[in-house]
Structures are given as structure tokens and as C-alpha cells.
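Student: Now for the letters of each chain:
Number of protein chains: 2
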Amino acid sequence: MDIYSKRRAQKIWSVLRFPLFLTGQRYISQAAAKIDVDFDYDGPLMKTEVPGPRSRCLLFVFSCKNAEAVHFFCNYEESRGNYLVDVDGNRMLDLYSQISSIPIGYSHPSLIKLLQQPQNLSTFINRPALGILPPENFAERLKESLLSVAPKGLPQVITMSCGSCSNENAFKAIFMWYRNKERGHNNVTKEELESCMINQPPGCPDYAMLSFMGGFHGRTLGCLATTHSKAVHKLDIPSLDWPIAPFPRLKYPLEDFVKENQQEEARCLEEVEDLIVKYRKKKKIVAGIIIEPIQSEGGDNHASDDFFRKLRDIARKHGCAFLVDEVQTGGGCTGKFWAHEHWGLDDPADVVTFSKKMMTGGFFHKEEFRPNAPYRIFNTWLGDPSKNLMLAEVIKVIKREDLLNNATHAGKALLTGLLDLQARYPHLISRVRGRGTFCSFDTPNDATRNKLITIARNKGKKVCDRNETMNKRWI
Amino acid sequence: MDIYSKRRAQKIWSVLRFPLFLTGQRYISQAAAKIDVDFDYDGPLMKTEVPGPRSRCLLFVFSCKNAEAVHFFCNYEESRGNYLVDVDGNRMLDLYSQISSIPIGYSHPSLIKLLQQPQNLSTFINRPALGILPPENFAERLKESLLSVAPKGLPQVITMSCGSCSNENAFKAIFMWYRNKERGHNNVTKEELESCMINQPPGCPDYAMLSFMGGFHGRTLGCLATTHSKAVHKLDIPSLDWPIAPFPRLKYPLEDFVKENQQEEARCLEEVEDLIVKYRKKKKIVAGIIIEPIQSEGGDNHASDDFFRKLRDIARKHGCAFLVDEVQTGGGCTGKFWAHEHWGLDDPADVVTFSKKMMTGGFFHKEEFRPNAPYRIFNTWLGDPSKNLMLAEVIKVIKREDLLNNATHAGKALLTGLLDLQARYPHLISRVRGRGTFCSFDTPNDATRNKLITIARNKGKKVCDRNETMNKRWI
Numbered sequence: 001m002d003i004y005s006k007r008r009a010q011k012i013w014s015v016l017r018f019p020l021f022l023t024g025q026r027y028i029s030q031a032a033a034k035i036d037v038d039f040d041y042d043g044p045l046m047k048t049e050v051p052g053p054r055s056r057c058l059l060f061v062f063s064c065k066n067a068e069a070v071h072f073f074c075n076y077e078e079s080r081g082n083y084l085v086d087v088d089g090n091r092m093l094d095l096y097s098q099i100s101s102i103p104i105g106y107s108h109p110s111l112i113k114l115l116q117q118p119q120n121l122s123t124f125i126n127r128p129a130l131g132i133l134p135p136e137n138f139a140e141r142l143k144e145s146l147l148s149v150a151p152k153g154l155p156q157v158i159t160m161s162c163g164s165c166s167n168e169n170a171f172k173a174i175f176m177w178y179r180n181k182e183r184g185h186n187n188v189t190k191e192e193l194e195s196c197m198i199n200q201p202p203g204c205p206d207y208a209m210l211s212f213m214g215g216f217h218g219r220t221l222g223c224l225a226t227t228h229s230k231a232v233h234k235l236d237i238p239s240l241d242w243p244i245a246p247f248p249r250l251k252y253p254l255e256d257f258v259k260e261n262q263q264e265e266a267r268c269l270e271e272v273e274d275l276i277v278k279y280r281k282k283k284k285i286v287a288g289i290i291i292e293p294i295q296s297e298g299g300d301n302h303a304s305d306d307f308f309r310k311l312r313d314i315a316r317k318h319g320c321a322f323l324v325d326e327v328q329t330g331g332g333c334t335g336k337f338w339a340h341e342h343w344g345l346d347d348p349a350d351v352v353t354f355s356k357k358m359m360t361g362g363f364f365h366k367e368e369f370r371p372n373a374p375y376r377i378f379n380t381w382l383g384d385p386s387k388n389l390m391l392a393e394v395i396k397v398i399k400r401e402d403l404l405n406n407a408t409h410a411g412k413a414l415l416t417g418l419l420d421l422q423a424r425y426p427h428l429i430s431r432v433r434g435r436g437t438f439c440s441f442d443t444p445n446d447a448t449r450n451k452l453i454t455i456a457r458n459k460g461k462k463v464c465d466r467n468e469t470m471n472k473r474w475i
Numbered sequence: 001m002d003i004y005s006k007r008r009a010q011k012i013w014s015v016l017r018f019p020l021f022l023t024g025q026r027y028i029s030q031a032a033a034k035i036d037v038d039f040d041y042d043g044p045l046m047k048t049e050v051p052g053p054r055s056r057c058l059l060f061v062f063s064c065k066n067a068e069a070v071h072f073f074c075n076y077e078e079s080r081g082n083y084l085v086d087v088d089g090n091r092m093l094d095l096y097s098q099i100s101s102i103p104i105g106y107s108h109p110s111l112i113k114l115l116q117q118p119q120n121l122s123t124f125i126n127r128p129a130l131g132i133l134p135p136e137n138f139a140e141r142l143k144e145s146l147l148s149v150a151p152k153g154l155p156q157v158i159t160m161s162c163g164s165c166s167n168e169n170a171f172k173a174i175f176m177w178y179r180n181k182e183r184g185h186n187n188v189t190k191e192e193l194e195s196c197m198i199n200q201p202p203g204c205p206d207y208a209m210l211s212f213m214g215g216f217h218g219r220t221l222g223c224l225a226t227t228h229s230k231a232v233h234k235l236d237i238p239s240l241d242w243p244i245a246p247f248p249r250l251k252y253p254l255e256d257f258v259k260e261n262q263q264e265e266a267r268c269l270e271e272v273e274d275l276i277v278k279y280r281k282k283k284k285i286v287a288g289i290i291i292e293p294i295q296s297e298g299g300d301n302h303a304s305d306d307f308f309r310k311l312r313d314i315a316r317k318h319g320c321a322f323l324v325d326e327v328q329t330g331g332g333c334t335g336k337f338w339a340h341e342h343w344g345l346d347d348p349a350d351v352v353t354f355s356k357k358m359m360t361g362g363f364f365h366k367e368e369f370r371p372n373a374p375y376r377i378f379n380t381w382l383g384d385p386s387k388n389l390m391l392a393e394v395i396k397v398i399k400r401e402d403l404l405n406n407a408t409h410a411g412k413a414l415l416t417g418l419l420d421l422q423a424r425y426p427h428l429i430s431r432v433r434g435r436g437t438f439c440s441f442d443t444p445n446d447a448t449r450n451k452l453i454t455i456a457r458n459k460g461k462k463v464c465d466r467n468e469t470m471n472k473r474w475i
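The listed protein sequences correspond, in order, to chains V and C. Residues in the first sequence are numbered consecutively from 1, following UniProt numbering. Residues in the second sequence are numbered consecutively from 1, following UniProt numbering.
Since the hints were made in silico from the structure, they are not lab data. Some clues are possibly wrong.
Subject to a maximum C-alpha distance of 25 Å in a straight line, what follows is the list of computed DMTMM-like cross-link-like pairs (lysine to aspartate or glutamate) [said to hold, decoys possible]:
| # | chain 1 | residue 1 | chain 2 | residue 2 |
| --- | --- | --- | --- | --- |
| 1 | V | Lys278 | C | Asp241 |
| 2 | V | Lys190 | C | Asp446 |
| 3 | V | Lys143 | V | Glu78 |
| 4 | V | Lys181 | V | Glu367 |
Start from the sequences, fold in the hints, and give me the full structure.
Tutor: Printed below as a string of C-alpha cells:
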């Protein structure tokens, strides 16, 4: 059973999404090293079980809010780099990074400095309605941040607040683009304008996004119709009849199952085409295909670069937009800034969504997906310039410290280490896989997984010793 | 025609959503006055037409982003109180407040101070996954902020990032609550768990939210199915067949049309009941009713307190949840912290959503709407503690400066002024209406509206003189 299959403590073990801090010996330039020596902790330090007494006490009084999912309470002021400190003073090596949303570790000196600069104050306290009244430096800030890492061929960007809103609005941009193709040079009809107001076609056409079983694209109603990783996300929520294709289930080690895996991927691609045709026959048009470069909620599932290239071809062949959801994979942890850059596509993706480690949500898109009128893709805030300001700084750090290469190096070491553990403990660890530091493995059942997490976390000193040993090989 | 009916420059004229700054003479306590004398501008100051040459130049280079909706570029560093300064140095009295999302004006001294305190730094740069790893002070911060203004009878709160996500998740909480009622003591079936993964009933039941024509509840796919204010929001986006009731179209002045308006409201309420029954017959269950206290996108539309009390009774009678969307009306501008507090409900609303002036999104709910398992209402960030920190300060300012009373006083003065203008210029201004500073009026057509906006904005000195005169009466 996949280690991700249960709700609690998902991914604690298998996710090392960004490589910056393996134990405090960072792979960094000499210029930056000085700050970091003082800044980083030298290892984990455990004082109590987790959750400790203070966390348990806080949980007890925390009854005003749906708090069943709380693991423990944190002291973020004391957390640094990759070390998360809890309210009981336990210092843990954090492979989880707040559900993969912390790009360069806790309390990074560059971000502290940014906050201390008086000229940045206004950006944090005067949040504008960005779509109508942007600040003077907004174009410049976009150039320094998002546009400086725009995927090739996608020169346009729209910012949003979170991953779900990014995907929701990407869907909308795709539906508008598709309808404009169908409409051709004809004007919008009175019937369309009237019927859309009451949720009916032709104004609200019967379009669909094709998604993959096992995928996760968010939890708002539109996104949720494309999310198929765990029942807990979807149970009791009305949905849309949109097509769902199988995602390849690869066998590991890959080199032993070349032919089987090729067949598995071919089967999935064939099903994609069948579904597009089948849904068209029942007058439901697949306007777009959404996919994650690595399915990363409810099990890290990988497919080959060839699979994604062929999927892109299928999208083009059937006139569907190709949407790559990089909410979890974007930001550098696979060794490239965007995971889909590994595929080597001839024709770029049409739309790429992001959030989490990018600090702001949003999506890149080709020129032809630009909404054809103002206020079509719009909301009050359209993101938050304070997040763009921080992202610009984060990107500077990533470039200055050559962190993409670091992710590649550290990822190789991590994968090698995991393969080694798999060879030694095959009854505990199987299906080791990964790209960059985006690594995972399976355990035989939930109980084993939970035991591994608990032992490792609650005995930090041991984990620390182990990491220090391993680290010498990794970096 | 309503002044809101066109896309561009919506609401510039008719919205004075928060009363803090009418011209710079704030209705404040002596204790706070000292700061504000130095802080506030004494009036508008226009140097160029708007958009001015620098804004036009920036617009020209701002081609990387969907920018057709941009009015002009702003200098937020120089903006203070209710005065928005643009990049050409024009200082405008801002009745628009960033689509009603600025609670206590620009660059408020209390928020500047908050940002300058070193102990708050961590909250801005270490954004946690709030649902699993909250900061130590989070419960305390909630008490100081959201829970200190919780609507009566709604002791529970869940935070979100924006208004759309707040409504989407409120819908989900309502669907789960409804399904649990139907399920009774029975367990979730295997069939439900399997069918929900492929978007099908019984796991994804055919539930609906009933909404009102003219309402606005956001633009993600679920919310959008309940939004019916302008075609530009909905055209080309697939939707759900959910029932839509008419919202009363009241005649003004209210005292001249008492009987007609009562009949109009009764007609709308009857239609609500008919729709619930009709949809049940076609096996689509209305699990909840969503409504704004004042429809505020695409025309401010009001109904009587009696209408809302009767609607609440209908919701209870049919077993539907009653969801009040206070994203735009919440935060004090109607003279009460929540607009629905004016209604005097015996039985509180079930769920109340918020965002905008609350700085963070989220929803309050009755105990029985608490999700029955962890991770059911969940996402990566679940809001942002830095917004809660700022909201706590904003609420302190609102209380310290007695701004709810100020909204009542200023609103009465504003409404009186508008009624006076209506009497003098009936060919330009009609249907004057409002609650607190949440006031609006209609103009005969778009051209008149646009002309009024342009003249007023581009001739700031005149507006300034006028406001100064009016202000003596208002405050």
C-alpha cells in the first residue's frame, strides 16, 4: 500500500520537495555562506514526544475551529532553514515543508531583510485590487519574479491567491478559448447572454476538463471534479460528469519492466482518446486536459517523459487545451524550475498553473488564451503584491545559490540512499522513485508507515545521527 | 438604468463602504486624534486627467498580463486614509476602497506600527499549513480577531484565503451536513466511497444551492453557479442546474410604495418555496439557500428585514441551510459589524461567509455544521496568519474609534445628501437607497454615469470643495 493512502501525516516521510537544507550543510556559494553558518541549526533536537505536552494543551483549548487535523503547534519564530521547532522546543528536520509550500526554508535571512526595509511596508498593508488599480512597480515586480521563470512559450501570466483558484481560473480561460474557436467570427448571441445568466446552454456550454484517476487539482467544486485521489475530498459534494482517464501504474525498478510499463502507458493514452470521442458523442466536449507532472497527493505517481509528450500530441490532435498543474511540482524541487521542462515538449503546454512554493497562485498561458475582454478572468484581489515581492527575493536566492543544481545533486544522493535502504529492508521499503528531491517510496501497510514516522520523529537524536552520516555521502 | 450595469468603473460613485474618512475630519476619540492630524490629507488634489500620462505609459508596457481592466496605476506609499494617490500625483477621495476591501483606509498608522514590530516578522515570512501545523498563538489571535466579532450563535470559524474559496467551502460544509442528516446513524457505504471517486451519485449526491437573480457570490465554478449579476462573469463557463429565485425589485421612495413592495417580496418568497419543491420532484435536493444582505455587484439591491426573516423561516421549514454571504457587506459599513444583524433573526443564520475588509476569507458556522472528520474542509494554507494579525489590529481600531457608530452617523448624512441631490437633479439621480454608508443611486443611462464619474474624478478640486461643504453637515 502506498505510504500516502491515509489522511493523517501524509508525506512526512517521502517528501523532500526542496533541497536547500539537508542538515545544515548547504550546497551554496561562498558569498552566501557567511550568513548561513550563523543562521542554520546543526541538527534536530528532540525534547519530548510529538505532540508534546504544550501542543496537547493547546489542542485542548483550540475548540473554536475544526482542529482534528492538527499535528502539533509550532514556534515559527525559532524555526530556521529546514528545521521546524514546535512549542515544546522539539527541533525537527522538516521534509514536509508545510505541504510542500515553503520554498527556501523558515526565517530565511533574505526575507527577514526584505520585511525590515521601510520601502516595502506599504506593499504589506495596502493590498490593492490588482486587476484595476495596480501599484506603480507591479510590471517590474512581475518581471523580477514570475516572468523571470516563465516556462518557454508561455509569456503571459495572471496571478491568483491559491492553487484552487489558479486551476479554476485556468479552466475558465480554457473554456473561453474553446468557445471562441467554435464561435469563429460570429458575435455572442442574445440567447447566449440570456441563457448563461440562468446556468443553461448555449451560454453555459456543456464543456468538460479531462482528468486522471489519482490526480489532485484542488477542492473547490470545479477543481474537485478533476481531483480523484482520496474519497475524503469528494464524498457528499455534488460534481460534474467529466471524463476520468487512468494514470499509468508503473512497475519498479523501471529497468526491469520496460515493456510492461510501455504497454501500461499506451493503454492509458488510448483510454484518453476513447474518452474524448465517447464524451463528444454524448455532446459533452472535452475542452482541455489537466495533469500533474507527478501525481503528488495520495501517492506520488510518475510517468515517463514519453507519456507526457504523447499526451500533449493527443490534446493537440483533438483540439483540447493542455493544462499542466505545477502547483506542487513547480519551484525547482525536481531540478528544473518546472517539472514539465524535463519532458522536452516540441509544442509547449497551453497553460501552466502554480501556487505553494511560488508563494502566490496564478497561471502562465500562451497568448491565444488571453481573455478576449476585461473582467472575464477577474476577482477582487487577483493575488497579492506582497507575495510577489517575497517571490522575487526567493527567486534571487534560488539563482544566487544555484539551488536547481543543488536539487539535482541532492536528489540523486537521496534516491541512491533510498535505493540502498530498499535493498537492505525490502520488507519495509519498495517502489523507490523520484525526480530531483521529489522522492517517495511505499511501505507494506499503514501501520508500518505510521510506525516509521513516529519512531523517526520522536527520536530525533537518532535521526540526526543517521542524517549526519548519510549526509556526508549526499552532499 | 442602474449605475452598476457596465463593467468599467463600477461603483466608483455609489459606494462609500466604510465611513472612516469622509474628508479627513474623522469622527474619532481624542486619544487617537493626535496621530491622525499629521497622517490625513486635507482633501483631494488633482494635477492631470485620469489616467494621467505616467499611468498611460505604464499601461503601454504592461502587456504581459491581462490588463484591459486597469483604471490607472497607484502610488500606495503616498496614499493615506481615504485618499488614493496615483502615479501622476493625483490625490483622489476614494469611495471605491479597492472593490470594498480596504477596512480602515490606506497606510493606517496602526498597521505601519504592527509591521515594524520585530516579533511580527515571522508571521509574514513563515506561512504555515494552518490546518495541521498552526503557530502557537493562533487560537489567541483568532479570539482577538474573528471570534471577537463572531455573529451571535455562530461560535465556530474556519479561515480561507478569499471570498470565492469561503463560499465554495461553505457550500461543501452545507452539503456534508445535509448528507449526514439524510444518512442518520448509518455508516458511509462502500458504494458511496467508490462512486464519489468518479464524480457520480450516491457518493456525489445531486444537491443544489438556491441562489437569487442579481446575486454575486464569486467566480469559481461552484460559486459561479450561484452568481447571476452580469453575463461577463458566466458566459462560456459550464455550470450546474441549480434553482434561481427572483430577488425583490423594490420601488423608491419606500414610504410611497409600501403595499407594492410587500407584494413584490411575497412573490419572491413564494417562488423560493416553489423552486425547492419543484427541484425536489426532479430529485435535485436544495441543501442550502445563499443570499447577500445587500446585493452589491451589478446594482445595489436591498430588501426589507422582514423579507430576510421570512426567508430564514422558509429555509428552516424545508430543512435547508441558510447561508448569508457577507463578503461585501461585512466589516461594519452598514453600521453593524455584520449587515444581517439588522434583521433581528430569532434563529441565527447557519453559515456566514466573509472576506474583503476582513482581510482574510472564511466562514462562521453553527456547531452542527462542523465537519465530522478531519481533512474534509481543508486546503494547504487555510488562510494566512499574517492577515489575521492585521485584522486583529483593524478590529482594535474599529472599537477604539467607535467606527460602527461613525458609519451610522456618516451614512445618515450621506443618504440625506443623496436624497437632497435627487430632489434637485431628478433627471440625473433616482432610487437613492442605503444602509450605513452602503449607499447607491441610479442614473438614467451608462453615458450619464460615466460622465458623472469622469467629471468628478478629473476635477478633484471642485469635488474637494463640494465635499468640504457637505462634510460640515455630515460629521
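Student: Each hint should be assessed against the structure and marked as holding or not.
Tutor: Hint by hint, here is what the structure shows:
no., hint, in the structure
1, Lys278/V - Asp241/C, "holds, 23 Å"
2, Lys190/V - Asp446/C, "holds, 20 Å"
3, Lys143/V - Glu78/V, "violated, 33 Å"
4, Lys181/V - Glu367/V, "holds, 14 Å"
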